[in-house]
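A.B. asks: Each chain, letter by letter, is given below.
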Amino acid sequence: MTNNGSYAIDLHRVEKTYRGKVRALRGIEMQVHRGEIFGLLGPNGAGKSTLVKIMMTVVRANRATGTILGRPIGHKPTLGRVGYLPEHHRMPPYLTGHQVLDFYAALAGVPRSERRPRARRLLGLVGMEEWADKKLGSYSKGMLQRLGLAQTLMNDPDLVVLDEPTDGVDPVGRRDIRDVLLELRGEGKTVFLNSHLLSELEMVCDRVAILVQGVVAQQGTMHELTAESERYEVAIAGAPPAWVAGDEKLRADAGPNDTTTLIAPRSDAEALQPVLDRLRRESRTILSVKPVRETLEDLFMRAVTDPETGRPHAPGAARNGGSS
Amino acid sequence: MRVFGAMLVDAYRELNSKRLFWVILGLSAFVTIVYGSIGFDDDGMSMFFGLVNIDNPMLSRDSLISSVLYRSIFTTFMIGLWLAWVATILALISTATIFPDFIAGGSIDMVLSKPVRRPTLFAMKYVVSLLFVLLQVTIFCLGVFLCMGLRLGDWEWKVFAAIPIVTVFFSYLYSISVLVGVWTRSALTALLVTMLVWFSLFSVNMAEGVLYQERTKLVIRTEESDRLLDSLDQRLEALPNNDAAAPVRARVEAEQETALAQRTSVQDTIDQLDDWYRPIKWMQAVMPKTGETIGLLDRWLARDTDVNLMDIMAGTVEIDASTGDFETRDTSADRESLRRRLEEDAEKSLWYIVGTSLVFEAVLLLAAGLIFVRRDY
Ligand SMILES: Nc1ncnc2c1ncn2[C@@H]1O[C@H](COP(=O)(O)OP(=O)(O)O)[C@@H](O)[C@H]1O
Ligand SMILES: [Mg+2]
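Listed in order, the protein sequences are those of chains A and B.
Position 139 of the first sequence, counting from 1, maps to 139 under this note's numbering, and the rest follow consecutively.
Position 153 of the second sequence, counting from 1, maps to 1153 under this note's numbering, and the rest follow consecutively.
No lab work stands behind these hints: they were computed from the structure.
One should not assume that every hint holds.
What the hints assert, rightly or not - FRET-style restraints, in silico, Cβ to Cβ:
#1 A/Ser6 <-> B/Val1359: 49 to 55 Å
#2 A/Glu29 <-> B/Thr1120: 30 to 36 Å
#3 B/Leu1025 <-> A/Arg121: 34 to 40 Å
#4 B/Val1052 <-> A/Tyr94: 20 to 26 Å
#5 B/Ala1346 <-> A/Gly74: 33 to 39 Å
For each residue, glycine too, the CB sits at the ideal point set by N, CA and C.
For reference, chain B alone in the conformation it holds in the complex (with noise of 0.2 Å):
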């Protein structure tokens, strides 16, 4: 207890003394009070204390849609586009160095030279350095929440979800930093290495996706075939069987051999996409859930209401623009695809998603602890 109080004072001090940290925290700060200078009235809704003026009375106060909206910037902007992204990877850079620090000969030897086990050092270390992603992320929910409860008068405790969910969505990155730089002693290294897996990370989740679209699409075929072929064969049970309706009967029958040839082409190239998808999915399986952990802050700050700024966005969601109310609805393949994935996300549990992403983050961290533990220094 002694020793991880010193060590979290310690670490502290170091972010401390990082000028990144304060920029973070400054850039945090502005986004913090931009966010702050939206408000609802009346009219309308209004941008920098007043500066930009939309008067629409669906974004009235008191409107749901402003509501909605108020808190869907909040996780798409500020978490989905500002901490998740910019801030992580200020993070990243700023924390790459503290491990290489860490165990750089001459510094390293001064610890190990305590009576502490490696391993619990090791441990420490780790924990201790997520302050910085900690301190930061819980700065700015205060800000966000001051602002949500000042500006629509809901004093929204939800927000500060986002402390753990952000620090534990840092943690995954973080933990490639720390085998890296654990390994290589090189916090550029371990900096490059983060950002290519984090890209990478990106990329497969595009190429999941585009993949799921077009498969989907492909299904929604099938399905609609199957359909077709139902109601032609309920048409051909239908038909008399005489002579007289042997033309049609010949024309249903053809129809048929034309539906089930397209079904089964269609079903041909689902299986060739599926050579692709299944490895991909497998790759998915195993990596961390960066997008869909952030994601989980949209779940929990939705309210009752089934609707987000996502929805809005695909156009799944229409709105009566006098009454302010809305609909959902199911129209072309795209957006029935698009339909089925949200639905299928909202099904993943959170166990799934943080789960195998903790997995993989304590596989690396067992790694680098080894290697840690392991090293002559």
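Next up, chain A with everything else stripped away, as it sits in the complex (with noise of 0.2 Å):
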């Protein structure tokens, strides 16, 4: 998997450091695979609009090596496969929906001839059709969301990077932005997603990674990511059983109503399976079995804590002089 050629992005050392000191990137690796969902999540000031809108062209990094569609970050041309819904993106508000799509689609290089029908098409998709014809000005956030994630896509673009899509939007909205997510990767497009929303994220993404203070601090799919942590949860009835103490795999916590559960830290389901007979043995009542795994709230969590305070980093990006 070194070849350039599987992924949609590949950034090496990536670092970014605004005037006035802010260290917003220190040194960011990043893979997105083809044809993927990938959720890049972190808290506030992790830094994350600020990567985007470097591989955007938007910022200017002060180092990055790297590769977008298998062309150097900073290749403009590259931009014309690309869509990109900006964080707080502001349109002309003196155009109408349709005018929007078309003007983009202009600037994208997408010719006249195309851009009609294209546009058509995707206000359906987005369920704005009956707006078309009416004024930016009029249009609610959740709607301005709609029609910037069509205008994304009228270049039909090889790659979609969308900073924070659901941002103001209804759960219905939410709903269909997904769906249109899990389309687009049905298409076989790359979809790069960032989010706050880690609901979101678990529902569509394949693979994430997690930004913390302008650094990479965990990426992979989510099994990878949770695997560690799988278990299985048993509630029985009653007080902890005495031999529970004495393996050393076993845990054992006092749940409510004169209930316990055991906490089997392992995933495979044959270890579990010698606890499950003595507990029959003894009559103990097994009121369930669950497979568990680390939510990936619970990952974020982990992550985003300092592990010297033990509680969550401040938000906003490291100031120079400060630990790197």
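Can you join these two chains into the complex? Each is in its own frame, and there are hints to help.
C.D. replies: Here it is, written out as structure tokens:
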């Protein structure tokens, strides 16, 4: 998998220090495979938007090696194959939905003959047909977001980069957006998603990276990242059996209403069977047996917690002079 | 080309959405209608479609004066006052937001992430933002062209020279607005600084005008002194070299001395004035020539005859009321200095006036472009 061609985004040593000495990014290493939905999460000020802006040539990196769709970062023509929805985007309020799509598509180099039918189709895709000829000034936040999403698809991109796409969108809209993303993956497009809404990413992302204070703290498939934490939880009635204390693989937590939860911190089911047998032999009532793995939120909280203080890092980027 | 087309259409839609654009257009229409209401017949001139009549054979139809007057009203009031002042201020207010809006966070991101290079984007945005003024002047000139044709029967194509002239004139000021707007991202600051620079341009030109007049009057005095000294020299030479002529000689020599002293003191004053005049001249040379650019229109519209409204008003042209003929004459030092000024101004080439102004504009735009291209948004 070292072949560049298999990565939609392949970033190495991306560093950015804004004027005013804000070290927003401190050496990013990140790989996004083609055809996957990739989620970048991190607390406010972690540098997510900065990273995206560097890829989109909106911000200049102090240092960046790597490729986007096989071309070096900053290669302008490549951006013709990329769709981008900025965070807090602002589109001309004097244009109608249709005109906005047409305008940005023209900037992206889409020929006129293709723009009209595609705009109509995409307005349908995001459920905005009825608003196609109304001025943006009359749109709600969620409608603007839907239109923005349609805008990113006007050049039929291979890579779609979305910075907080569900910002200000109602639950229905969120599901619609999610469906669109899955559809895009179905078409073989790569989706790069930036969000602080964990549950959202959990539902659609194939792989995620967690960005904390300008560095990638964790990166991998959801499965990879949570495998370590996988465990079985067995809920039984009554007090913990005495023999549990002697088994170093088992842990017992007292549950509510005179119940006990036994935690087997391994994911293979075989190892659990003897435990269940013994419980049955002792006629303990087994209330439930369930495989449990860390949620993205647990993972995230773990990543953003400062191991020294045991508390989450303060929001924002590291200042120059801070530990690196 | 595709990108430029899209940006042009967008610029049109943007100005279309601005209320001020329509306000200016409405006022322009009003001004043009007033202009069109001026008519000339056998008895003289009438205004507001005959509401006000000025009966004077000098102003009758087909007289030279009426034609000169009608053109001069166009260049002096319609262009000089309305377009180059009032409409320009309104246009500056209205266009000051274009670049700050363009580079606003969330809006510039959408554009920069397209496969278009930043310098190209900047240049295109600048050019299409001049559409505002271009459209205004074009529509205006069309109206004036029709008025002249219908009223005087002369279909004067040269009227359309106002389109490039006013647009170029506006672009000098607009480049200031763009630089400040890109730099500070604030439309209000851009507008205020632009007005301030424009006002200081105006002040510098005023100061130069006053200094020029004073200086020229002094120069005229030195010229008079020189002539006097020459004649005194001649008189001395003509005097016979004998005792009878001695008192006369002494008197002439005394006169010569006074004249010389006077000339020296006048020259001293000129030198002192020059300490101020020269730097102001330099400032003028590098600053955009707003007034003179608009003045180019006068030149092009002036017919083969050398008379224009300014000359008439300055009194350097005398008009024979019975025939409508005119002649130029020299009078006092004031008038002489004004005459010299007009002469000098007429000698300034188009390339000097527009060229140096465009250099100024180019420098400002280069700075604005650099800021635009190098910034993190
Ligand atoms: N244009 C800028 N100039 C200076 N500092 C900036 C700029 N943009 C972002 N930052 C700083 O960089 C850090 C990362 O910001 P950002 O990338 O927006 O984080 P995120 O999107 O993860 O919330 C923050 O501390 C922010 O204050
Ligand atoms: Mg962000």
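A.B. asks: Take a look at whether the Cβ-Cβ distance between B/Val1052 and A/Tyr94 falls inside 20 to 26 Å.
C.D. replies: violated (43 Å)
A.B. asks: So does A/Glu29 sit 30 to 36 Å from B/Thr1120, Cβ to Cβ?
C.D. replies: Holds, at about 33 Å.
A.B. asks: Is the distance from the Cβ of B/Leu1025 to the Cβ of A/Arg121 consistent with 34 to 40 Å?
C.D. replies: holds (38 Å)
A.B. asks: Taking the Cβ atom of A/Ser6 and the Cβ atom of B/Val1359, is their distance within the range 49 to 55 Å?
C.D. replies: At roughly 53 Å between Cβ atoms, B/Val1359 and A/Ser6 fall inside 49 to 55 Å, so the hint holds.
A.B. asks: Take a look at whether the Cβ-Cβ distance between B/Ala1346 and A/Gly74 falls inside 33 to 39 Å.
C.D. replies: At 54 Å between Cβs, range violated.
The structure fails hints 4 and 5 (numbered hints given earlier, in ascending order).
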